[in-house]
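Based on the sequences and whatever the hints tell you, model everything.
There are 2 protein chains.
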Amino acid sequence: MPETTTARASAASRFASLDPLIAPRSIAVIGASGDATRIGGRPIAYMRAHGFKGTILPVNPNRPEVQGVKAFPSVADLPETPDVAIVAVPANLAVQAIEDLGRKGTKGAIVFTAGFAEVDEAGEREQDRMLAAARAHGMRLLGPNCLGAFDGRTGYYATFTASLDSGLPIPGRIAIASQSGAYGTHVFTIARNRGIGASLCVMTGNEGDVTVGDVIGWMAEHPDTDVIAAYVEGVREADSFLASLAAAKAAKKPVVLMKVGRSALGTAAAKSHTASIAGDDAVTEAVLNEFGVVRARTTEEMLDIAHTATRRIYPARNTLGVLTVSGGAGVLISDVAEQVGLPMPEMPKPAQARLKELVSFSATRNPVDATAQVSNDMTLITKFFGELEREGGYSSVLAFFSQVAASSRGPLLREKLAEVVQQFPDRLHVLSVITPPEITRNFESDGWIVHEDPTRAVVAIEAMGRFGAAFEAGPGLPPPTVPAVTLPATTPTEAEAKRLLAEAGIDSAPERACPTPAEAVAAAESFGFPVVMKILSPDILHKSEIGGVLLDVADAAGVRDGFATLLDRAKRAAPAARIEGVLVAKQLKGGVECILGIHRDPVFGPIAMFGLGGIFVEILKDVVFRRCPFGEDVAEQMIRSIKGAPLLLGARGRRPADVKALARMLARLSVFAHQAGPRLASIDLNPVFAMPEGEGAFAADAVVEIG
Amino acid sequence: MPETTTARASAASRFASLDPLIAPRSIAVIGASGDATRIGGRPIAYMRAHGFKGTILPVNPNRPEVQGVKAFPSVADLPETPDVAIVAVPANLAVQAIEDLGRKGTKGAIVFTAGFAEVDEAGEREQDRMLAAARAHGMRLLGPNCLGAFDGRTGYYATFTASLDSGLPIPGRIAIASQSGAYGTHVFTIARNRGIGASLCVMTGNEGDVTVGDVIGWMAEHPDTDVIAAYVEGVREADSFLASLAAAKAAKKPVVLMKVGRSALGTAAAKSHTASIAGDDAVTEAVLNEFGVVRARTTEEMLDIAHTATRRIYPARNTLGVLTVSGGAGVLISDVAEQVGLPMPEMPKPAQARLKELVSFSATRNPVDATAQVSNDMTLITKFFGELEREGGYSSVLAFFSQVAASSRGPLLREKLAEVVQQFPDRLHVLSVITPPEITRNFESDGWIVHEDPTRAVVAIEAMGRFGAAFEAGPGLPPPTVPAVTLPATTPTEAEAKRLLAEAGIDSAPERACPTPAEAVAAAESFGFPVVMKILSPDILHKSEIGGVLLDVADAAGVRDGFATLLDRAKRAAPAARIEGVLVAKQLKGGVECILGIHRDPVFGPIAMFGLGGIFVEILKDVVFRRCPFGEDVAEQMIRSIKGAPLLLGARGRRPADVKALARMLARLSVFAHQAGPRLASIDLNPVFAMPEGEGAFAADAVVEIG
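Chains as they are written, first to last, in this note's numbering: chain A, 1 to 707; chain B, 1 to 707.
Just so you know, not all the hints are guaranteed correct.
As the list claims (entries may be wrong) - DMTMM-like mimics (lysine to aspartate or glutamate), calculated; alpha carbons at most 25 Å apart, straight line:
1. A:K349 / B:E121
2. A:K252 / A:D633
3. A:K104 / A:D83
4. A:K249 / A:E300
5. A:K349 / B:E118
6. A:K383 / B:E285
7. A:K104 / A:D165
8. B:K643 / A:D622
9. B:K383 / A:E118
10. A:K104 / A:E118
11. A:K643 / B:D281
12. A:K356 / B:E121
13. B:K356 / A:E118
14. B:K104 / B:E121
15. A:K589 / B:E695
16. B:K571 / B:E593
17. B:K249 / B:E285
18. B:K643 / A:E338
19. A:K416 / A:E444
20. A:K589 / A:D684
21. A:K643 / A:E300
22. B:K356 / A:D83
23. B:K589 / A:D83
It should be emphasised that the hints constitute simulated quantities derived from the structure, not laboratory data.
Given below as structure tokens:
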């Protein structure tokens, strides 16, 4: 396949500047070596051996030719401007090489050289100098300290990985984007050994310039890529990452992503490994969910899902029909399907009756157990599948055939299974079978995806549905409009915070700031008892810690006593605090306690959190996150997604809470946080009372922190 | 290896009667066929081809010899009494064959023949007749409708599975016990293809007589088996299952078990597949935990764990040290370790300093990232492992080496890694590497376990610690003694139930049965207000459903009103109910609401449940189960194991609850239930208030249901 097929769809895209790095027509190698095992030698050896059709231009001051290719003493001496240059010289020469290339007009450099930001601060400064040189010439830079890029279909091997010694990529439409070179080649090698077609692989190393986000974006627009498998340790920069995920979603290209550093341990390890901000894992998870990216837990799962996705069947409403020759495997598959939330509706009764007529001992509900009878009579296969797909109407079908030996019933089985795909080409057909690689290839060329292990097959099938749902989802509701937000200069009092939020339509429980006991009594009487009383001071942020909150104040006398008590406590705990009086609020009864919050993520900006109050947040961490801003539909999905949601939805005879009002509050809060800009450090609405349906939702406390 | 090595350790064991079925010296084949592909032909062909050293005795009325072996027209004509006989005749002849074999004195039969209990009720009756015939002669019977048994080491192949056509078992000390023939051979085939040594495989089919429990027990005592991999759809009979797990634990032989039918879907599928009682999955889980059995979620996981267990290193306090050449893999491994709860303590600081001296860019915390430097200088390997194992003191070590090609640095790496095992032979050494099978075999023969995927490696390593903890655990505290339990004839009232439980030392909140309002007021005043009032009737079991419970009754007038209200409600809701008055109880304040319960499992008898009350049980299903009876130590482990346990243990400044008292109550309840016998259907103590430390635990309601 000539390299021109790798041209991108739209040169106007923000990712077009990566073209020279990933799909060049000419490549210079700075520090070219005659030794095919050295980092400056491997790329030349690979490209010469494996049919790169572009021009290779070795640069070496000491040799007229390198590995049989005419070499040039310096960049300036090159007879043409290369699209891209590999930089494989020692660190102290790398900046100069970039400068030389820039002057020559080269628009891309792949810097293998290590010893920069990954080492120490001096290295970081040197890396910054190199980037400045590249930017000055409008050059994109992959690395430094990276393993480069390759595409087996074009013979382009701008990499020095030794993993190619044990075999070349299998041609295919999966592309691998990885921050880690070791991990990128690990995945590539496993794919190759499993016979999975992944031709293109780009590894970003230190990400001085080009990030894994840029690479995903380029792949999203690459006509020869259908599926993107990405490995990420930390996202450095939100814009290109978000743009790339949006581009992939728009192009309906699945992204299956492995993000390590989930755990406290993992984050510690990530930090000792790279300088990247690993970020809060829950935030990453929320961003991935937003774009329908499927997160893989293991390398095997990433490849299982990517491989299954190459069939390009993504059912938005995925259901699973199972045909098995082993009852036990059917049970196992049912267990996994339920666990991952993949529905397996029962077969219609008339179809079940027909199956019973075919094989009287068969189980017909779904899983359909055709029993070992199908080995004796292979015409049963098309009959069983016919009922399953036509009558069951499943979007995905998993067939468990245990083992197929090379010799025995293989050819006839192949023929029957091929017929099934021809008859139902819009369904996803997955086969779980133990069989030699050549038979696997046959089944797959007929349109089946083969996974030996039925559990892994189910997990991969479920992921196709998540892709489908994301691809089909419309833009959703726009975030609500709220008036322009003007933050105060410093962290406001609770009352000021609530006023500020009220302007955005975020309601609090009725309350009044009361400078005197008499005003407090009047306020309480106007709200009705019981009331809550809180100390009012711009200098006391966390009131409950100093005993500054009184609940269940039942009458006027209680209000007068409470006023004195709160002032007394405040004076003892914080003698220097300015006291403005007491806040009297209606005490809400009968609502469900929730918590709504905002915190600023260093990469992704303001992030909204929703959870149920009290023990749910404290002990069970039953919360959900989302990048701001978002609409009410997304807010409602968030609310419904937590484990404790039944409490809000009217579980066990409870009155349902006003989820609509809660969703409106959450969406407005997200817009407020988005508009407030970077000075907003955090917001805590805790508790918020979600009142019974139709009665609204009210914040009973609000802290708005200015950073 | 001669078959005599498969003799069992103790002929006195309850599992000794399986000897003829699994390790016979002579075998008759009833329905022997000259066609090596028929079910009566395969066993003879396999055993002749693969060196069975015992006697094969074909029985066929029509032929003087079968596959070159002298045949006999009938069982009666056999020249000797075979240890075991394969029955491969049609269903209508099978019972007679068993009868004939019994008369001959044969003590074991393996019945391949299908068409019995798995088909219909007539088949079930026929199966019962066959079993009666076997029992009359003291014969054990495997099947019917089973795939039989085989042991590759002795050439014993009493099976007709075609999966042996594609290869024989690899010699090894893993044994497979499976209820399903299709699944058993599936696992065996995957093990063989992966190069995992599993010689022995027994499949129990319909389990007319011999159950998978019996087989596990036999394997636990088999000197040539170290590790047992079992596949279970449903446990039919508790005694042999429990005895077998106890035997395996006593012999320190790990059992890794796959039990399908976890899900509602799976259970439906299981029922349509076999007639076995799938049982409550949570109960099975509890029983497996009790004996330290590790439950595998997938076939791959089962084999990963079984294979890792063949090293026979089971660290009771397992810690993981990681050496990697890829930072990314280190992060990934840390994530998985945290997720599965495998500790990765940090390396001691002085050792970290020494590692930094060896490789200045290395990460030294744990995971230790030795970087690609180790490829350049292999002496670093022994140095790094030396620090890791000597100074880190980890019981398990995982090394991630990405890829090792056949040609390159393989031999030197092998040498260095072999040294590591020699130096630290008591540690579990696991290698995650992509490499050809022959190199894997080399590493494994040197004492390493190889798992290509690092995630799967971590999961398997963690399981070794669970085995170790179970093997090391002492017998624990004996269940507490409680006085003999005499259940009433019918379901007792709440007050009677509480009296009954009080005799076993299970405390309720102070309360008194009060036939009149005056007595109710007197009782309330003696307890102090507030009090709880409940209707008292042997005919009203679920009082709250009819409004029969009043909380927060604050004074004498309230008690008088409440008395009238409750009687009125009871009369309206249940006019025929006998009303004995009202129960007045002290209302407990400041305790944590829990729920303690008992239900009778049809297989395993009384099962205790513990959970936190309210939403924890209702919505989060945060409960734990255990077979009765058990001691206070087990009860306390149960209490501490639930997700909400921090609520009881004093999270976030709460006063810790009286967990000791709660554990005492739970253990006593388990003994009560055990002693009560099968007439006890269930007990509900809901709520139980766990009061602050030192103040006890009290049931506020009790329902004891007589079945």
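A quick look at each hint next to the structure:
no. : hint            : in the structure
1   : A:K349 / B:E121 : holds, 23 Å
2   : A:K252 / A:D633 : holds, 22 Å
3   : A:K104 / A:D83  : holds, 11 Å
4   : A:K249 / A:E300 : holds, 23 Å
5   : A:K349 / B:E118 : holds, 22 Å
6   : A:K383 / B:E285 : violated, 39 Å
7   : A:K104 / A:D165 : violated, 33 Å
8   : B:K643 / A:D622 : holds, 12 Å
9   : B:K383 / A:E118 : holds, 24 Å
10  : A:K104 / A:E118 : violated, 28 Å
11  : A:K643 / B:D281 : holds, 21 Å
12  : A:K356 / B:E121 : holds, 17 Å
13  : B:K356 / A:E118 : holds, 15 Å
14  : B:K104 / B:E121 : violated, 30 Å
15  : A:K589 / B:E695 : violated, 31 Å
16  : B:K571 / B:E593 : violated, 30 Å
17  : B:K249 / B:E285 : holds, 16 Å
18  : B:K643 / A:E338 : holds, 22 Å
19  : A:K416 / A:E444 : holds, 14 Å
20  : A:K589 / A:D684 : holds, 21 Å
21  : A:K643 / A:E300 : violated, 28 Å
22  : B:K356 / A:D83  : violated, 40 Å
23  : B:K589 / A:D83  : violated, 78 Å
The structure is inconsistent with the numbered hints 6, 7, 10, 14, 15, 16, 21, 22 and 23, although it conforms to all the rest.
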